[in-house]
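A.B. asks: Here is how the chains run, residue by residue.
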Amino acid sequence: MSPLEQPATIDLGVVARLGAGVAVVVATPDLELRPTLARAWHPRIDAGGRRVTLCVEAPLGSPIRANLERRCALAATFVRPTTYRSVQVKGTVRDVRPSTAEERRAVADHNAIFVDEVVEVGVPARVADRFLDDRELLAVTVDVRELYDQTPGPAAGERL
Amino acid sequence: MSTSPIPLESIQRCLEGVIPSPLATCSADGVPNITYMSVVRYVDAERVALSRQFFRKTAANVDENPVAQVLVVDPDTLDQYALDLRYLHTETEGPIFDSMKANLDAVASHTGVGRDVFRLRGVDVHRVVACRRIGRDPDPGRPRDHALDPLKALDDFVRRVGESDDYDAVTQAALQALEDVFGWPHAILLGAAAGAERLFGVASNGYPRSSAGAEVALGEGMIGLAAQRRRLICVSNLARSRVMGSAVQERAGGDAGAPREIPLPGLDRPQSAAAVPLVVHRELVGVLYLESDRPGAFGPHNERLLRIVGGHLAAALAGLAHGHDTADAPAADPAPAPRPGDALEVTYYQADDSVFAGGDYVIKGVPGRILWKLLREHAADGRTAFTNRELRLDEALGLPAGNDNLEARLVALRRRLAAGGFGIALERVARGRMALRVQRPLALSEVPTSGPMRGAHRR
Chain Z
501 MSPLEQPATI DLGVVARLGA GVAVVVATPD LELRPTLARA WHPRIDAGGR
551 RVTLCVEAPL GSPIRANLER RCALAATFVR PTTYRSVQVK GTVRDVRPST
601 AEERRAVADH NAIFVDEVVE VGVPARVADR FLDDRELLAV TVDVRELYDQ
651 TPGPAAGERL
Chain F
162 MSTSPIPLES IQRCLEGVIP SPLATCSADG VPNITYMSVV RYVDAERVAL
212 SRQFFRKTAA NVDENPVAQV LVVDPDTLDQ YALDLRYLHT ETEGPIFDSM
262 KANLDAVASH TGVGRDVFRL RGVDVHRVVA CRRIGRDPDP GRPRDHALDP
312 LKALDDFVRR VGESDDYDAV TQAALQALED VFGWPHAILL GAAAGAERLF
362 GVASNGYPRS SAGAEVALGE GMIGLAAQRR RLICVSNLAR SRVMGSAVQE
412 RAGGDAGAPR EIPLPGLDRP QSAAAVPLVV HRELVGVLYL ESDRPGAFGP
462 HNERLLRIVG GHLAAALAGL AHGHDTADAP AADPAPAPRP GDALEVTYYQ
512 ADDSVFAGGD YVIKGVPGRI LWKLLREHAA DGRTAFTNRE LRLDEALGLP
562 AGNDNLEARL VALRRRLAAG GFGIALERVA RGRMALRVQR PLALSEVPTS
612 GPMRGAHRR
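The listed protein sequences derive, respectively, from chains Z and F.
The numbering of the first sequence is this note's numbering, which starts it at 501 and goes up by one.
The numbering of the second sequence is this note's numbering, which starts it at 162 and goes up by one.
If you are wondering where the hints come from, they were derived from the structure by calculation, not from laboratory data.
A quick note: this is a predicted structure, and the numbers were derived from the prediction, not measured.
Hints should not be assumed to be uniformly reliable.
[Stated by the list, open to error] Stretches of chain F that chain Z covers, calculated by requiring three or more beta carbons in the stretch to come under 8 Å of a beta carbon on chain Z:
hint	segment
1	176 to 188
2	192 to 198
3	220 to 231
4	235 to 243
5	295 to 301
[As the list claims (entries may be wrong)] Straight-line alpha carbon distances no greater than 20 Å define the calculated DMTMM-like cross-link-like pairs of lysine to aspartate or glutamate that follow:
hint	chain 1	residue 1	chain 2	residue 2
6	F	Lys534	F	Glu551
7	F	Lys218	Z	Asp649
8	F	Lys313	F	Glu340
9	F	Lys534	F	Asp521
10	F	Lys218	Z	Glu636
11	F	Lys534	F	Glu556
12	F	Lys534	F	Asp513
13	F	Lys218	Z	Glu646
14	F	Lys313	F	Asp341
Cβ atoms here follow ideal geometry from the backbone N, Cα and C, with glycine treated the same way.
Looking at chain F on its own, in the form it has when it is part of the complex (with noise of 0.2 Å):
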């Protein structure tokens, strides 16, 4: 039973990892020890979980007097509390050591140190005897929690997001609401398919690059590792992790390798981050990350609110992903003939789907084979209506049975077509409908490729 005239749930903003924690231990034969913790983490009422990394003396300490004292501080007032601990036991696998080294595998990932380096080996899981402030009394200029009421945002943002049924509306509907409704002004939205080893790119808000065509491994990067493991990833205070890794590096002497470039648009110097899989039915079928230029705007005081805001964005893309298939044949077009001029040179390689018009890239993958295949038939015959359905129908393009998330790539290209101003355009004309849009009259040539991808293109 807790002493503590402080109650550990009071200051849970004090552990959330933004400020570091100084662990005190103490030998058997009386010499005190200190380590610095990247991560404190709030077990219960009664419970917090230290991360193990480094810590061979303090570890010692530990098996030989189970006792420790940490200073913990809250981000937004610096009111510091001691907690004094008394150590229960060590955990190597459990929730609480999945989220930990899920944590800590993104800030490795993130700022460019291996994962080795950064291991964790086990989660010390302490009572907390006692909980004290020390040092000056609490700041009287306090700033006001967020103002947040989660039932009613929650509320606002489910019905902004129910208020379209189009793939496309919905995903601007729910970033404009992240940032209206919650104050998560800078998101990127990224799709995911059925066996697929990248996500992409469908739709960002807050940046002037546009996040469309971007693409970012499984296991890559906060945005992968999320993705990968199907595990919501908060780091409170990336400048802290940014320091703390180019120190570890250093001493490791650390060939961290090129640094993980994600092409997709970001803050500079993000200051906190979270990467929320969208998963429905187990099936994963995107990844909603979020930054602010604010440490600790994301962090285990709204992890909750983000796995239910991801949850019913994640149900209402799925619902909305396999579109509107119409059977009906394309309607007739009304497009104006492309403009004369000279032609727009347009080349599709092979070897990964990639497509370049007048030299520069637009698209690869998936969104690269559906490309070429609208620009190729309109070359042949002038046609630029096109359904979704006979996309899903076509077996060279190679969608993956079951998610396809057709919707979400048809987006991705529309966007990346738009902001890309190649001359090219694909316009949503109806439920399943788009129409293909050229300013221009088109040379199309494709490069072929003698490697592993030559038997994907026998036809």
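If we strip away everything but chain Z, and leave its shape as in the complex, we get (with noise of 0.2 Å):
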């Protein structure tokens, strides 16, 4: 049984309202509990806020992909460079396929402003879309549980 608690409401629109150059890490466990983090993109919201759908880097034979393909817990943070403000969800993975075209070209629809955002804070333009590695994006379904201010200063983990 997951550790993770069932809220009774979850506002999934706060992540949305980060903004569309939104940097997102996820991070998941293996079977001993060592953590492992990658870059997503293209997070969307969808079973009525309950779950958020992201395209995670996962390259064949990697740990995150072993991670993801047995639905294990995840971690998943957003981050908008240029204002720092910042949401972590968890929840479990519930679904796990190959990206589709249509996907691949939204997320290379976020890389440009998420470029554009870091650029802002310093990030040489010249390499700034470097960030992504669209080789192997796995589309990543998970069960959000819990959601949590990550914005730095004093607030930094409460509970959303």
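Once you've looked at the hints, go ahead and assemble the two chains, each given alone in its own frame, into the complex.
C.D. replies: Set out below in structure tokens:
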């Protein structure tokens, strides 16, 4: 049984309100509870605001791919680079499948907006699109159980 | 023993805090957590240090399950690396902690956020179990590292600084060499004196406005903190620090008070900066402040170089700070008499030793007292020639015993007068000698104080 709680309400709209150029990072544990990070793109909320689907960079043979395929627990942070406003969701992986062509186009669109954001905070424009590695993107749907304010400061880590 | 296939030393550029690093931990019951680190610091070939600030959940997870992973990014190429970590211990004092604390305090001061909000609670030291490249293949267009040969550059710098025996000329040579040799075109040199609570601007390079006459309190901003703690402070990404400061301030409901106004020249939006304390025999003689419009221009990769440059500059300036006093009587002064015309009204305020000329602020503090002495003696008998020695022996000026840094103060005063266009100039005419030039007759007035400085003006 998952240790994640089932909250009364979750407002995943807060993720959308961060803006379109957010940095998304996911973490999953392996069977020995060693965490693995990966970048993710094109987040969208569905199922009445209880699920989020992401395109996760997951190369063949990578630890993150193995973790996702066994439907592990997952944390994802959404950070807007130009404001540092950020939230973190936690849940469990519900579904994993190869990304579609349409999703990969949306990932490219997301990356273009993200590039504008990071250039504004000092990332060299020449290389700013290199955060994205779109060679192996898995579409991962997560049942969200917890939502946290992650903006730096004294309130960081509080439940939303 | 690390099993890392990529040596940690080879990715030190990723460990300079230019790009924030997500850190993942996992609770004992299997729930991962992510937080962004502002600093992942290289400790040695097998260890890194992470700043512990707002991260309650991270700390709890590490206590339960001492493994973690952090993503670090090369700021020039965006090549990414995943470091598998094993927590070792937390430090709340010592050189690593002090260095990271000074850096965070500088960010807090720079962004106007209270230090209590940005407080460093500890430094978590982790062993790097593995280091792997992730993401795209290495950037084929990677810019060549600066082709700086540090030994050659230092040799050039030392030679150029050593070519003069005059304080003013050495400051100019040093600032120009910083630009020519190291590629640091924006620099400010500030002086310090024994027991003084403020640094004063002596010289600058790369700005349209002079730094002369500007002051910075010890403990204020990057410069004041570097001076107070005698510690080099580098902030590699000021743009990110500003954004983070805004976010923290907003969340803290923060009244950061008025923004720190450092009355020095500066870039509109510097991307990285370094404040190098100039210390000789444990005595602070000044601070060298460097700015860049490039993120990551200053950071751990050139901290040693900055310390050596600062050490040499400090020694060179300290050797000249007492100038070349002459016991001779001032030479006859060939200066032309002031042109006739309306008198220039010059007012001296005892309360803070400030001098105003024609209603414009000129300078205050010790340089203000020096200027007022010169002007009074000139008004009394037309005298224009003065020596450093007589200034040093004049107890009414209140120069501190020991390191009085008189030469630096005179340079600051001379440059302030030149930049302000007040119709008053102070020229260096020979070793330890100077000449006062005034373009118009002077009308002097002194405003006494009944405040705490009253006693200092009883003679």
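A.B. asks: Each of the hints needs a verdict: does it hold here or not?
C.D. replies: Hint check:
1. Requiring three or more residues with a Cβ within less than 8 Å of a Cβ of chain Z, the coverage given for the segment 176 to 188 of chain F holds, as 7 such residues are present.
2. Counting residues of the segment 192 to 198 of chain F whose CB lies closer than 8 Å to any CB of chain Z gives 6, which reaches the minimum of 3, so the coverage claim holds.
3. Judged by the Cβ-Cβ criterion of 8 Å, the segment 220 to 231 of chain F is covered by chain Z as claimed, because 5 of its residues qualify and three suffice.
4. Remark: the segment 235 to 243 of chain F is confirmed as covered by chain Z, as 7 of its residues place a Cβ nearer than 8 Å to a Cβ of that chain, reaching the required three.
5. Using a Cβ-Cβ cut-off of 8 Å, 4 residues of the segment 295 to 301 of chain F lie near chain Z, which meets the minimum of three, so the contact claim holds.
6. The suggested pairing of Lys534/F with Glu551/F holds, with an alpha-carbon distance near 11 Å, which does not exceed 20 Å.
7. Taken as a hint, the Lys218/F and Asp649/Z pair is honoured in the structure, with Cα atoms around 12 Å apart against an allowance of 20 Å.
8. With a C-alpha separation of about 15 Å, the suggested pairing of Lys313/F with Glu340/F holds against the 20 Å cut-off.
9. The straight-line distance between the Cα atoms of Lys534/F and Asp521/F is roughly 18 Å, inside the 20 Å bound, and the hint therefore holds.
10. With a CA separation close to 31 Å, the supplied pair Lys218/F and Glu636/Z exceeds the 20 Å bound.
11. For the hint pairing Lys534/F with Glu556/F, the CA-to-CA distance comes to about 12 Å; that is within 20 Å, so the pair holds.
12. Only pairs whose Cα atoms come within 20 Å are accepted, and Lys534/F paired with Asp513/F is accepted, the gap being roughly 15 Å.
13. Between Lys218/F and Glu646/Z the CA atoms are separated by roughly 14 Å; this keeps the pair inside 20 Å, and the hint holds.
14. Restraint check for Lys313/F and Asp341/F: the C-alpha separation of about 13 Å stays at or below 20 Å, so the hint holds.
The structure does not agree with numbered hint 10 stated previously, though it agrees with all others.
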